[in-house]
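Starting from the known structure of chain A, fit chain B onto it as the hints suggest.
If you're matching them up, the sequences are chains A and B in order.
181 is the number that the working numbering gives to position 124 of the first sequence; each next residue is one higher, with no gaps.
76 is the number that the working numbering gives to position 19 of the second sequence; each next residue is one higher, with no gaps.
Honestly, the hints are just simulated from the structure, not real lab data.
Treat the hints with care, since some could be wrong.
For lysine-lysine, the following DSSO-like pairs were computed, each having C-alpha atoms within a straight-line distance of at most 30 Å [as the list claims (entries may be wrong)]:
(1) A:K174 with B:K117
(2) B:K162 with A:K117
(3) A:K174 with B:K192
(4) A:K146 with A:K174
(5) A:K146 with B:K122
(6) A:K122 with B:K146
(7) A:K162 with B:K122
(8) B:K73 with B:K127
(9) B:K68 with B:K146
(10) A:K192 with B:K68
(11) B:K73 with A:K162
Here are some of the chain B residues that sit facing chain A, going by a computed Cβ distance under 10 Å [to be verified]:
(12) A59
(13) I61
(14) N160
(15) K162
(16) S165
(17) M168
(18) H170
(19) C171
(20) T173
(21) K174
(22) W175
(23) K183
(24) I198
(25) D201
(26) H202
(27) T203
Glycine included, C-beta positions come from ideal geometry on N, C-alpha and C.
Protein chains: 2
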Amino acid sequence: MAEINHQVGIKAPPEKIYALLTTNDGLSKWWTNDISGAGEVGSIIQFRFNGGGPDFSVTKLIPNKFVGWKHSGNMPESWMGTEILFELKADETQTFVRFTHSNWKEASDFMAHCSTKWAVFLLSLKGAVENGTGKPFPNDIHIDHT
Amino acid sequence: MAEINHQVGIKAPPEKIYALLTTNDGLSKWWTNDISGAGEVGSIIQFRFNGGGPDFSVTKLIPNKFVGWKHSGNMPESWMGTEILFELKADETQTFVRFTHSNWKEASDFMAHCSTKWAVFLLSLKGAVENGTGKPFPNDIHIDHT
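Next up, chain A with everything else stripped away, as it sits in the complex (with noise of 0.2 Å):
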């Protein structure tokens, strides 16, 4: 199985980048403006870019540490099954996020793709939380003319 890792750090306490990956407000503020569903552990959310887009069952939750996501609905086709984390550490000066896109049956031309839009999209929770600049669809970063 393929996988997507990625890991940026945040001037922020953890509990602040938590809220951020836990609520439909925090969510909408760096990945897309179009985000509901988002609660405790069996909630589904759904993520909407123009109207279609990806919905994810939460997994698990440690508050301020852990944040389990299982791929839910069939679209994208090749995200079917594919699970998300994302772990909190915090360390004097920052709180790094390491993030896990796993369980790709593939290393496939799209699956490049996502890892290069999820770091775009790491990015921009990193100026949410840090600045109030994240860039969430539809005014994310460009990475090709598609």
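Leaving out everything else, chain B in the frame of chain A:
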């Protein structure tokens, strides 16, 4: 073995991108401003960041299509044995750069850091080619506060 995958689409013909992957002057426009040794297969390219940094030997070149490097030397240690590939694939509107940094011993936090940083540098490559706005070290975008 773990690996990093990325893909960006650049509005330029492949030959313009290939030049930025195979010459000291080209590489210095997007990765680091201190580069020497770039050349034909067998060359050892020295990438330096404040004096230290990795060496890569050029293992394969197909003009305007493919660039292969293998890590050479001993810095950073966890890059030893790793390989980097750039594949260029043009369509009507853009050239896709498909990037792979493979053969990592494990998906460590440092690998995750490098994955995010590679996305930043590939977007720097995109900017350098499209409009001369590459951000090579020391003007690269920071992804943490270390």
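Task: Numbered hints the structure breaks, given as an ascending list - done: Those not satisfied are hints 5, 6, 11, 14, 15.
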